[in-house]
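J.: These protein sequence lines map, in sequence, to chains U, X, R and W.
Quick note: the first sequence, position 137, residue 137 per full-length UniProt numbering, numbers continuous.
Quick note: the second sequence, position 188, residue 188 per full-length UniProt numbering, numbers continuous.
Quick note: the third sequence, position 13, residue 13 per full-length UniProt numbering, numbers continuous.
Quick note: the fourth sequence, position 63, residue 63 per full-length UniProt numbering, numbers continuous.
There's no promise every hint is true.
If several chains are the same, the list does not tell them apart, and a pair holds so long as it fits within one copy or across any two.
What the hints assert, rightly or not - Taking lysine-lysine and the BS3-like style, the derived pairs with C-alpha atoms no more than 25 Å apart in a straight line are: (1) K220 with K24; (2) K24 with K12; (3) K193 with K220; (4) K24 with K193.
Everything labelled a hint here was simulated from the structure, so no lab data went into it.
Number of protein chains: 4
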Amino acid sequence: MTFADLRDAVCKANIDTVRHGLVKATFGNASAIDRETGRVIIKPSGVPFEVMTPDDMVIADLTGGAYDNRLRPSSDLDTHLVLYRAFPEIGAVVHTHSTFATIFAQARTPIPTFGTTHADYFHGEIRVTRNLTDEEIRDRYVAATGNVIVEAFEGRDPLEVPAILVAGHGPFAWGRTPEEAVLHATILEEVAKMAWHSMMLDRNLPPISQSLMDRHYRRKHGTGATYGQD
Amino acid sequence: MTFADLRDAVCKANIDTVRHGLVKATFGNASAIDRETGRVIIKPSGVPFEVMTPDDMVIADLTGGAYDNRLRPSSDLDTHLVLYRAFPEIGAVVHTHSTFATIFAQARTPIPTFGTTHADYFHGEIRVTRNLTDEEIRDRYVAATGNVIVEAFEGRDPLEVPAILVAGHGPFAWGRTPEEAVLHATILEEVAKMAWHSMMLDRNLPPISQSLMDRHYRRKHGTGATYGQD
Amino acid sequence: MTFADLRDAVCKANIDTVRHGLVKATFGNASAIDRETGRVIIKPSGVPFEVMTPDDMVIADLTGGAYDNRLRPSSDLDTHLVLYRAFPEIGAVVHTHSTFATIFAQARTPIPTFGTTHADYFHGEIRVTRNLTDEEIRDRYVAATGNVIVEAFEGRDPLEVPAILVAGHGPFAWGRTPEEAVLHATILEEVAKMAWHSMMLDRNLPPISQSLMDRHYRRKHGTGATYGQD
Amino acid sequence: MTFADLRDAVCKANIDTVRHGLVKATFGNASAIDRETGRVIIKPSGVPFEVMTPDDMVIADLTGGAYDNRLRPSSDLDTHLVLYRAFPEIGAVVHTHSTFATIFAQARTPIPTFGTTHADYFHGEIRVTRNLTDEEIRDRYVAATGNVIVEAFEGRDPLEVPAILVAGHGPFAWGRTPEEAVLHATILEEVAKMAWHSMMLDRNLPPISQSLMDRHYRRKHGTGATYGQD
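Whenever a hint applies, use it, and build me the whole structure from the sequences.
T.: If you want it as structure tokens, here you go:
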């Protein structure tokens with residue numbers, strides 16, 4: 001994929017988050033990284049999705065150094081950069097305030113693996129970050145948001161559970177490509193909606209068995225995957 | 001109905017599950033059987049619904065033996081085959097992860113007959129299968145999913161309650177034709193949504209009376225049916 | 001309004017119930033009465049809404065005697081007839097299985113006047129009928145459904161609260177015209193949705209004060225109404 | 001902005017409340033004030049949104065004195081006037097019966113700041129007014145509705161939390177322009193929906209920290225704002 005194609009894909013990912021109902025107003029942003037050159041492409045800040053074009057995308061390096069951009073980057077840029085530095089496996093990040101994922105983030109409640117819909121994409125529960133301290137909020141808030149996400153993944157492969165809930169804020173999802181990151185954000189929202197309603201039926205509902213979790217996840221992921229066409 | 005017509009109907013049924021909001025991403029699959037020749041027609045695995053054509057449908061015999069297909073069948077094929085072998089009355093099967101039916105499947109909670117909407121199509125509660133054992137999940141998972149469905153119908157006519165909830169997974173529905181199977185999957189979702197909300201108003205809500213159940217079901221089904229035009 | 005215009009309006013009312021999301025599949029039916037001639041116009045049974053035309057409407061007299069019709073009437077005709085005989089003020093009836101109104105009907109829970117949205121159209125709580133007896137269900141089920149509605153309105157003006165919930169079944173709404181009956185069915189659904197969620201926040205929520213109820217209802221209805229243009 | 005432009009913007013704001021799903025039937029109204037001349041522009045009463053044009057807008061002065069209008073003003077005009085007199089900072093008011101905001105108004109439950117979606121637009125909880133007395137309802141109901149809103153803002157800047165819930169009725173939102181007032185009404189509805197579901201997960205859920213509240217609100221508002229383009 002050329003750099004121009006990747007920029008087109010980032011613009012499309014931003015628009016798709018709106019099209020799938022994950023983003024209202026200007027809440028939310030998608031980015032991708034070109035790992036060869038270390039350049040990050042991200043949505044501009046506060047530009048309406050209806051008029052956004054690939055030309056509006058903002059380019060930065062991994063330390064936040066900006067290239068020659070017409071527009072300011074998304075105010076969440078530093079969170080994306082922390083994730084790209086900490087998770088070398090990922091190629092794209094999507095942040096939304098999608099309704100049910102945000103509800104769990106607000107209630108600081110992780111989303112257990114209640115069914116195979118969840119296990120088809122996420123190999124285990126969706127975690128919630130710890131709250132940020134007052135100091136973190138004051139000093140380097142956006143980067144600190146990335147840091148608490150990375151903390152929550154200690155000892156865990158970020159591609160096995162490609163999403164997190166930031167406490168009191170909302171979800172971040174990622175993947176190898178912008179398309180995959182949007183898919184994960186979309187599935188996360190549906191999984192959150194079903195988990196919420198399942199918990200209302202039974203407040204002590206246990207997750208599905210580890211073997212069912214593994215069976216579904218491995219059907220779609222890794223060397224033994226059998227799902228789809230060659 | 002010719003075999004070509006049935007293949008068109010299976011393709012349409014797959015697309016209709018998306019159109020009715022029952023299927024997101026590539027979750028879900030519809031199939032039908034030509035009882036004269038024993039040939040089963042099913043969705044291919046992981047092909048986006050937007051580009052699917054009748055030519056993409058996959059054909060198998062009742063033991064899973066494949067005909068000369070361009071594409072791999074849905075990974076759930078073996079579940080469909082078990083149902084066609086066990087339930088000779090049925091002609092089509094639809095599997096979805098529709099939101100509210102899946103919520104009940106996840107909570108392992110059957111759906112009682114709370115109203116006439118339910119009784120118009122399902123003659124009694126929608127059951128939940130037992131959980132699969134670790135051994136079943138490991139060895140012949142997809143066929144075992146069919147087996148626990150058949151178990152749940154011991155002594156019960158599969159056309160009287162043409163749907164089931166697979167524990168921790170989601171619903172399967174069926175009918176004599178693909179169109180009927182899609183209708184049952186659609187009504188099931190609406191019935192599940194209304195049952196969920198009714199239970200929140202009253203956690204001990206009893207089902208409607210047996211005579212009201214019978215009255216509504218018999219109005220639309222069997223030799224005494226009076227509903228619709230001739 | 002000519003009889004032909006009224007027939008067009010009945011057809012449109014049936015289609016509007018689908019357009020407003022109140023009716024799925026073929027659940028639901030709308031009718032009107034021409035009070036001068038005593039002729040009732042109603043939807044045919046089981047005809048898909050997408051292909052329905054004014055020519056498909058069925059005409060009956062107030063005792064159910066049929067005129068020269070091409071199609072069978074809605075299987076709920078007798079309920080409509082009972083309402084037209086008992087409530088001479090009303091000119092049209094709409095029956096739906098709209099989601100939240102049906103949820104209250106299933107839970108046999110009346111909808112209290114929790115807000116002014118309710119009071120703008122319904123002057124007091126939406127009642128639930130008693131359950132039908134086994135005998136009523138067996139012998140004259142459809143007419144008996146009308147009878148329990150009439151029972152629930154003893155001493156109450158059917159135009160002051162132009163809707164009812166039939167226990168275990170769903171809502172009926174009415175008005176002076178087909179358009180008004182559809183409007184009442186639409187507002188009822190929204191009011192039911194808001195009442196359900198309000199009750200979840202507070203299970204002992206009291207209704208608004210009688211004076212607020214009266215103020216809003218009288219603003220839109222009766223000789224002192226000030227709402228709208230002349 | 002010329003007076004004609006402002007009138008166009010008020011008409012558009014009324015139509016946008018429908019387009020965003022905040023208003024059903026004819027519930028709801030938007031207005032704006034031209035502070036230089038003291039003229040208020042508001043929706044006419046009971047005119048369907050589908051046929052409304054800028055020419056239909058009604059003009060009044062701050063005491064309710066009418067200019068030469070073709071149509072009657074919204075029956076809520078006096079509430080808008082009270083707000084314009086008490087809050088000189090605001091330029092537009094939007095009243096809706098949007099589903100979740102109305103649910104909180106009906107349950108007389110304020111909406112705490114559970115997340116950053118809330119804090120991005122509202123600097124603290126959304127309050128509920130006190131109930132109106134029977135006397136207020138009888139004598140000057142519409143103006144009294146404005147008075148209890150103003151009461152609820154004693155000592156609070158109306159632009160810091162540009163919305164209120166009127167007990168047993170529904171939300172009012174405002175802003176410097178019609179576009180901003182509609183945006184606030186839209187965000188309020190989404191925030192209310194997420195708060196409702198968060199409270200169901202945890203009935204004792206605390207709000208986010210004051211520092212997180214301040215950080216998000218100040219990012220978008222005031223002299224230190226960094227969000228968006230110049």
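J.: Checked against the structure, which of the hints given earlier come out wrong?
T.: Every hint satisfied by this model.
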